[in-house]
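Residues per chain are reported as follows:
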Amino acid sequence: MNFEAVIGLEIHVEMRTKSKMFSAAPDGFSHDPNTEIAPLDMAFPGTMPVVNKQAVINAIRVANALHMTIDHTLYFDRKNYFYSDLPKGFQITQQARPIGKDGYVMIKVPGGEKKIRIERIHMEEDTCKQEHFMDYTLLDYNRAGVPLVEIVSLPDLRNGTEAMEYAEAIRNIVVYSGTSDGKMEEGSLRCDTNVSIRPCGQEEFGTKVEIKNINSFKNIEAAIDYEIDRQSRLLLSGDPVVQETRRYDEASGKTIRMRLKSDAVDYKYFCEPNITPIKLSDEFVDEAIKTCPELYDAKEKRYLMAGLSQSDADILLSDPEMAAYFEEGMPLVKAPKDLANFLIVEINSYLNKETKAIAELPLKPATLAEIVMMQETGGLSHKQCADILAKVLLNPQLSPEKAKEELHIVAQVSDSGAIMGFINAVLAANPQSIVDFKAGKDRALGFLVGQVMKASHGKVNPAEVSRLLKEELDKRQS
Amino acid sequence: MNYIDLSLKELHEALVAKKVTPLMLTEEALKRAHENKDNAFEYLDDEGAMAFAKTLTEPEKDNPLWGIPYFAKDNFSTKGIPTTASSNILNGYVPVFDATVVAKLKAVKAVMIGKTTLDELAMGGTGTTGHLGKTYNPYDPKHERMIGGSSCGSAAAVSASVAPFALGSDTGDSVRKPACYAGLVGMKPTWGRISRYGLFPFAPSLDHVGYFTRDVYASAVLLDVLAGRDNRDATSSAKPIDRYEEDLNKPVKGMKIAVLKMVTDSVKDEEIKKHFYASVEALKKQGVEVDYVEFGKDLLESLYATYIVISCAEATSNDANLDGIKFGPYKGGKTYQEVMFNARTAGFSELIKRRFVIGSYCLMRENQEELFLRAQRNRAKIVERVNEILKDHDFILALSAPSIAPLFTQASDKLSDEYLIADNHLCLGNFAGLPSISLPLGYEKGMPYGVNFMGRAFEEKKLFQMSSAYEAITGLAETSALDPKEAKL
Amino acid sequence: MKTITMDVLKDAANRLLFTMSDEQYKTLYEEFGVLTKQMEKIGEIKGLEAYAPMTFPFDCSTTYLREDVAEEPLKREDALKNAGNKQDEQIKLPKVVL
Chain U
1 MNFEAVIGLE IHVEMRTKSK MFSAAPDGFS HDPNTEIAPL DMAFPGTMPV VNKQAVINAI
61 RVANALHMTI DHTLYFDRKN YFYSDLPKGF QITQQARPIG KDGYVMIKVP GGEKKIRIER
121 IHMEEDTCKQ EHFMDYTLLD YNRAGVPLVE IVSLPDLRNG TEAMEYAEAI RNIVVYSGTS
181 DGKMEEGSLR CDTNVSIRPC GQEEFGTKVE IKNINSFKNI EAAIDYEIDR QSRLLLSGDP
241 VVQETRRYDE ASGKTIRMRL KSDAVDYKYF CEPNITPIKL SDEFVDEAIK TCPELYDAKE
301 KRYLMAGLSQ SDADILLSDP EMAAYFEEGM PLVKAPKDLA NFLIVEINSY LNKETKAIAE
361 LPLKPATLAE IVMMQETGGL SHKQCADILA KVLLNPQLSP EKAKEELHIV AQVSDSGAIM
421 GFINAVLAAN PQSIVDFKAG KDRALGFLVG QVMKASHGKV NPAEVSRLLK EELDKRQS
Chain S
1 MNYIDLSLKE LHEALVAKKV TPLMLTEEAL KRAHENKDNA FEYLDDEGAM AFAKTLTEPE
61 KDNPLWGIPY FAKDNFSTKG IPTTASSNIL NGYVPVFDAT VVAKLKAVKA VMIGKTTLDE
121 LAMGGTGTTG HLGKTYNPYD PKHERMIGGS SCGSAAAVSA SVAPFALGSD TGDSVRKPAC
181 YAGLVGMKPT WGRISRYGLF PFAPSLDHVG YFTRDVYASA VLLDVLAGRD NRDATSSAKP
241 IDRYEEDLNK PVKGMKIAVL KMVTDSVKDE EIKKHFYASV EALKKQGVEV DYVEFGKDLL
301 ESLYATYIVI SCAEATSNDA NLDGIKFGPY KGGKTYQEVM FNARTAGFSE LIKRRFVIGS
361 YCLMRENQEE LFLRAQRNRA KIVERVNEIL KDHDFILALS APSIAPLFTQ ASDKLSDEYL
421 IADNHLCLGN FAGLPSISLP LGYEKGMPYG VNFMGRAFEE KKLFQMSSAY EAITGLAETS
481 ALDPKEAKL
Chain X
1 MKTITMDVLK DAANRLLFTM SDEQYKTLYE EFGVLTKQME KIGEIKGLEA YAPMTFPFDC
61 STTYLREDVA EEPLKREDAL KNAGNKQDEQ IKLPKVVL
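Protein chains in written order, with the working numbering: chain U, 1 to 478; chain S, 1 to 489; chain X, 1 to 98.
Everything labelled a hint here was simulated from the structure, so no lab data went into it. Heads up, the beta-carbon is just placed ideally off N, CA and C, and yes, glycines get one too. Hints may be right or wrong, so weigh each one.
[Said to hold, decoys possible] Covered stretches of chain U (in silico footprint by chain X; criterion: 3 or more residues with CB under 8 angstroms from a CB of chain X, positions within the stretch not fixed):
hint: 1; region: 119–125
hint: 2; region: 138–144
[Claimed, not checked] On the chain S side, residues computed to face chain U include the following (Cβ under 8 angstroms):
hint: 3; residue: P95
hint: 4; residue: F97
hint: 5; residue: Y292
hint: 6; residue: Y336
hint: 7; residue: L363
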C-alpha cells in the first residue's frame, strides 16, 4: 500500500524589537537573568498590556510577504492555562482575529515550485525561560513577554524536504524583513509539526501526530521522514497510529513519545478586555509594507541579474550580514560576480579560520572593492589580489595600494606583443603540443597556457594568453 | 470639631491661610484611624505619611488637594506599602510601583495615610469577606449593620471623618452602594476616564476607579486630578478632560431625567419612597423634566445573572497570576502544580473559590456560547436600552438601594433566589460604562440612604451640575457619622 | 452544555489549582442551582442572537500604538523581592518535568 504524508508546520518566531510585545522592558539584550523585566512581565497585580508598534509593523511585513489578507483592526484574546513559565496564568494572543490570514509561500521542489498555503499569522508573547537541574528548576523572566509571531500552514506539505524548504522560506522572510534572527539553534525560530499519513487516493486525513523539540532545519526533514516511516510501518502491520505528542531525539534520529494527546486542552479563549480594538489606517499598513527592507527573493533576483550564479547567490544570502556587506561593495566593482567570488572563497575561508563573523571583518566593503578592481581593471591576477587581501587582513591599517607596493606586485603584462614573444618561444619548444591541439586534444591548450605562465613567471594575464594562443594555433598549419 | 471635619473647600482655605498644616491633618487622620473601631484599615503608613506631610510647607493656592490626607482601597498598588486586596494570597506583597492614580495624588501633594479594607479581591458587596473580617458601618456603633462593599474600608474611613476622601473601585456597584449605606457621595466616572493602571483587576470590562467624598464639590475637583489619558492603560480615554467643578450650582432648568419606574416601584420601604418622590418634586420645581420610564422587566431581571457570569469569568482569568511563586506566601510542594495548588487553596477564601469555579465553568468550551457569550450579548442589549433612554434624557435616576444598610444577619454572600431589582440596578453603570454618582437623600433609624444618577458617557461635568442641585435640595453636603447633617426633605 | 455534577465542580476546582471542603462544594452546587435559574432569565430574552457579544461598553477603538523604545527595567532585586523561593538570582521551583 502506498501512503501519502500530510504535514503542517507551526512556526513561532521571536521578534527582535527594542522592547517587548506588551511592556517596555528591553527585548533580549542581556544574558543576565531577571534584568529585563517590567512589572507586567512578572504579572504583578494591576499591570496592563500596551501593544508595541514595531511588533505590529513586523507582523504586517511578514504577513504581506506571505501574501496574506491583513486585518486592519487588531483584537487580542486570552489563552488561559497554568504552567510554571506563564506568569499571568494566561497568554495574550490573537485567536479570533489574527492579523493575517489566507496566504501562501512558494517553495522549490524538484521540477519547479509548489505553493504552500498559510492559514494564519498572529502576534502573541513569549514565556519565561526555564533552566532544569537535578531536582529543581530556575525561572528567568527576561524572555517573558518578548514579541512572537506564530505562522500556521495548512497541511499542504508532503515530505520532510518540503517541510524544511518551507521553514527556510519562512526563515528567510523573517530574517530579511528585519523581524527576527530566525535561528533555530538559539530558539528565535521554533518549529512544531503535525504529521499524518493516508493511503494514496484517500481524502480523509489519518491520525495526526504532533512533533516538538526540533532544533535545526535539517532536523525538520529528519524528524518528519522518520515519523512518516514509523507511521507507515505501524499501519502496514495493522496497528493504528495513536494521537500523541512526540519529541525528536537528535542522538537516535527517532521521534519519541512525550505524552498521549488527551482531549485537546480547553484554553477558554475570550476577548482581552484590557486592550481596546486598535484601528490600523491604510496609510499605516501601506507604510509598514513600503518601508520593509528588501526581502530574500527580491535580492536573489537582483543578484542573479547582476551575473551571480544561483549557488553564489544562495551562499551570500544564507547570511544577511554577508549579503549586506556584498551589497555595499556591489556598486563599487565592475562585475559583482568578482566581488562575490572573493567573499565566498577568500573572505569566508578567513572568517572560518579566525572563527569570526563578517561583522568582525577588519575590512570595509569599499576596501575589498578596491582590491577587486585591481583584478578587474588594474591588470593584476586573482592570485595577486588574494595575496594583497591576505596582507591587508593581517594589517588592517595598510591600504591595498601600500600592500601591493610592499609585496612588490606588478601588473600583469597584457601587451600582446610581449605575450606573443612568450607564446612563440613556448610553441617552438613544444611542437608535439601543436600536433595534439590540432588532433582535438583539449588538454594541449591548457598545457601550453601553463608553459607560457611559467616562462613569464606568472606575470602575464592568463586570459589574454589563452586567447592569443588559440589565435596563433589556428593560424599555424598542423 | 477638627479641621479635618471641614469640607474640602474650607479645609483648603484653612491650609492656604496657614491656620492648619498638612502635618497636623495627617497626625489627626492617623490618630482617628488608629482609634477607629470599624475595622476599616489594612495598613496605616504613620512613618511615610508624616515624613511626606512634613515636606509640605508652602501651600499651593490653586491646588485644592494640597496637603489633604486620604486613603486608598487596598487593591491599589502602592510602592513600598503592603497591598493585599484583603486576601491571604497576597499577604506580605509589597508592590514596586504606584498605581497611576496614587502617583497623580502624590504629585498634587495629597497625603496617603494608609490602605483600607475591601471584600476579598473586590469580589463582594457586603464588606464582610476580607481577610481581616467584617468592616462596620460608622453610623451604627452597635456594629449590627454592614457598610456594603467591596470598598467597605474606604467608605467607613470617609463617613467616620478619618479623612476627607478615599479611593475605591467599582465593578458592579462597589463604590456607589457603600456610598449609599454610608451617606457619602460615591462617584464612578465613565469607563476609561480614570486610568486603571495599578488597580488590581476584578473584571476589566466592568472595572472603574471610583472614590468617596462628603460633598459634590470635592468629588468634582478630585476628578480634575484623577481623569486623563494614561499610556500605561490602553483602555484609558484620550478625550480631553474638563474642569469638572465649572458648572456646579448652575441652574438645572430644562434638564431631563428618566426615573426607572420598576426599580422605584419594587422598593417596599414607604418612607424611603416618599422622600425619593419628594426630592423628584423639588427637582421639578427647578424646571427639571421628569419621566417615569419602563426599562423592561425581562432585562432588569436578567441584570444580576449577566453580571455574575461576566464578572466571575473575567475574574477567574485575572487572578490566575496569584500562585505564590512570584509574590504572595510560598507554600511549597513537590511539583510546580502542587506549589500553585497549595498557595491557592490556602490563600483564597471559600467565597472567592466558588466565584472562580462559576467563572471558569462559564468559559468552558462546551458552555461558553450558552453562558458567557450569551451574557455578553445580553449586555449589549441592556446597554442599547440604557443608551436609548439617554437619547432623550440627560440622566437616569433611581434609589441606590431599596433600604438602609442591611443587618449582617440579613445578608449573605451566597447566590440567593431572592432577587430584588432595586438592589441590582447599579451595574447598569458598569455594563454601559457610564458616569454614575450616588448621593445621600435621608436617614431612617439613623442610617443613611440615597439615590443614584447616571449620565451620558464623558458628561461628568453635567452630572456634577445636577448633583450639586440635588445636594442643595437634600442639605446633606458634608454629612458624616461623626456629625450627621439634618435632612431637609 | 456540560451537566453540573459534584464531580464536574471538583474537576473544575482542581483545574483552577485549588480545592475546597466538601461542605463548600455542596454550597457551590446549590449556588449553581440558583445561577442556572438566574441564567434562565437571560434565556428568556428574545432576539439575543442579533447582538454581538459585548466586551467594551462603547466604541473605544483607538489608533494608539506604543513606540518601540526600551524603558529602564526593574532592578533585579525589586523584581524578585516578593518571591518566596529563590536561588542564583532566579525564582526556584521543584523540577518541572516536561
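- Item | Hint check against the structure, violated hint numbers in rising order | 1 and 5
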